[in-house]
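Colleague: The numbering used here puts the first residue of the sequence shown at 3, with every later residue one more than the last.
FYI, nobody ran anything at the bench for these hints, they're computed from the structure. This one's a predicted model, so the numbers in the text were calculated from it and none came from an experiment. Possibly wrong hints are sitting among the right ones.
[Unchecked claim] Here are the computed distance ranges between Cβ atoms for each label pair:
1. 196 - 259: 35 to 41 angstroms
2. 94 - 263: 21 to 27 angstroms
3. 126 - 184: 22 to 28 angstroms
4. 229 - 269: 31 to 37 angstroms
5. 301 - 263: 52 to 58 angstroms
6. 221 - 309: 57 to 63 angstroms
7. 169 - 265: 43 to 49 angstroms
8. 269 - 191: 26 to 32 angstroms
9. 219 - 301: 55 to 61 angstroms
10. 154 - 260: 28 to 34 angstroms
11. 287 - 125: 49 to 55 angstroms
12. 154 - 94: 22 to 28 angstroms
[Stated by the list, open to error] Listed next, the in silico DMTMM-like pairs over lysine to aspartate or glutamate satisfying Cα-Cα at most 25 angstroms (straight line):
13. 73 - 131
14. 65 - 229
15. 237 - 290
16. 237 - 79
17. 74 - 63
18. 101 - 131
19. 165 - 102
20. 237 - 196
21. 165 - 150
Glycine included, every Cβ here is placed at the ideal spot set by N, Cα and C.
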Amino acid sequence: MKTTIAEIPISIRLKRTVLTAILGLAVLSLNGCLLNKQPEARLTSEPSIERAFDILGGLPEGKPLLRFLYKKPVRFEYGNTPGFCHKFFLKTGRIFLPKELKDSDKLLALALARTAYIYKLYVTSGLEDVISEEEELGALFQAHIGLEIGLMNADFERNKFAKELKSDFCTYIMDGSKSAALSARTSALSSQPECQRPLDTLQAQRVWLNETRKAINDGTFYRLLYERDLQKVRKGVLSMGDAMNNDAAIRALPTYDIYRYQRVFYDKHSDIFSHMEKLYRDALKSDEAWRQANRTGIDRAREEFSTCNLPE
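Please work from the sequences and hints to get the whole structure.
Modeller: See the structure below:
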């Protein structure tokens, strides 16, 4: 004999109703999470760069960097222009790596780590351009990755283009962080248009910013902005058309708006530079602590690369 709904005690019926409602809400919540979940960012379409990312993802220093890249994605590709160097086109969200490292996963991971770390500094600081100080810190971070990978002489010998990478790594382990940063600065300030160099230093940008503050009264503000854009044109990170459009847009502003723009411009960039100075100091302190914590690994690398950077 079947039991009718009316014969089921009301307390049981209420429990069933509540349970059904809870299950329904759970299903809706789960569906909502699945619908709202964003697909993981695709950082590259190159299998070899994917392998380099896999190497970074397995390292203590690499994991946090990889998490940052997925939150603030940028595309990594191989460059097809002259110059064995990395190149940043961050306005369009692209970083180019030397294609000569395509067949060397570990060495490619070094180049990838350096550019990704520089990109992180660029995003975190709010700077408009990559500067020398970011290259310096990138060189230190690259050495960390090399030590965590456990690079051997043979890894460099397999690639005829790895001489500069090996020299940078050896400078860090043999001569210390200051020498490695100085070497990176020297390279960053050298004239290499095919590699978007020379770069500015933070001090040079400070000087330029102070000039813009004074220039509003003598009519040279427009010229300073335009000349800065022309520098970007020469490095290949800005088109001539964009530079001319920027200049025309600024000159079209009414006088009152120009004064206001200049004040906002100065305050904004002054804050950015101060923030970058702090990031730089903090990174150097972190590097010093890292060296202390990894002294055994550095000593081991010194033995492996005992003939590093010696005259041939």
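Colleague: Hint by hint, note whether the structure agrees.
Modeller: These are the hints, each one checked on the structure:
In this structure the hint that residue 196 and residue 259 lie 35 to 41 angstroms apart at CB holds, the actual value being about 39 angstroms. A beta carbon spacing of about 25 angstroms between residue 94 and residue 263 agrees with the range 21 to 27 angstroms that was offered as a hint. Checking the proposed 22 to 28 angstroms range against residue 126 and residue 184 shows it holds: the Cβ atoms sit about 23 angstroms from each other. Between residue 229 and residue 269 the Cβ separation comes to about 21 angstroms, which falls outside the hinted range of 31 to 37 angstroms.
Take residue 301 and residue 263: their Cβ atoms lie about 55 angstroms apart, and the range 52 to 58 angstroms holds. About 60 angstroms separates the C-beta atoms of residue 221 and residue 309, a value consistent with the hinted range of 57 to 63 angstroms. A beta carbon spacing of about 46 angstroms between residue 169 and residue 265 agrees with the range 43 to 49 angstroms that was offered as a hint. Remark: the range hint 26 to 32 angstroms for residue 269 to residue 191 is upheld by a beta-carbon distance near 28 angstroms.
Between residue 219 and residue 301 the C-beta distance comes to about 59 angstroms, which sits within the given range of 55 to 61 angstroms. At about 59 angstroms, the beta-carbon gap between residue 154 and residue 260 misses the expected band of 28 to 34 angstroms. A C-beta distance of roughly 21 angstroms is found between residue 287 and residue 125, which places it outside the suggested range of 49 to 55 angstroms. Here the CB-CB span from residue 154 to residue 94 is close to 37 angstroms, at odds with the stated 22 to 28 angstroms.
Between residue 73 and residue 131, the direct Cα distance comes to roughly 20 angstroms. Compliance with the 25 angstroms bound is thereby established for this hinted pair. Proximity of residue 65 to residue 229 is assessed by CA-CA distance (about 40 angstroms); at most 25 angstroms being required, the pair is judged violated. For the hint linking residue 237 to residue 290, the alpha-carbon distance of about 33 angstroms lies beyond 25 angstroms, and the restraint is violated. Of the supplied pair hints, the one linking residue 237 and residue 79 holds, its CA atoms being roughly 19 angstroms apart against a limit of 25 angstroms.
With a C-alpha separation of about 18 angstroms, the suggested pair residue 74 and residue 63 falls inside the 25 angstroms cut-off, and the hint holds. Between residue 101 and residue 131, the direct Cα distance comes to roughly 23 angstroms. Compliance with the 25 angstroms bound is thereby established for this hinted pair. For a cut-off of 25 angstroms, the pair hint linking residue 165 to residue 102 stands: about 12 angstroms separates their Cα positions. Straight-line distance between C-alpha atoms of residue 237 and residue 196 comes to about 7 angstroms, which keeps the hinted pair within the 25 angstroms bound.
At roughly 20 angstroms between alpha-carbon atoms, residue 165 and residue 150 fall within 25 angstroms of each other, so this suggested pair holds.
Going down the numbered hints, you'll see the structure goes against 4, 10, 11, 12, 14 and 15, while the others check out.
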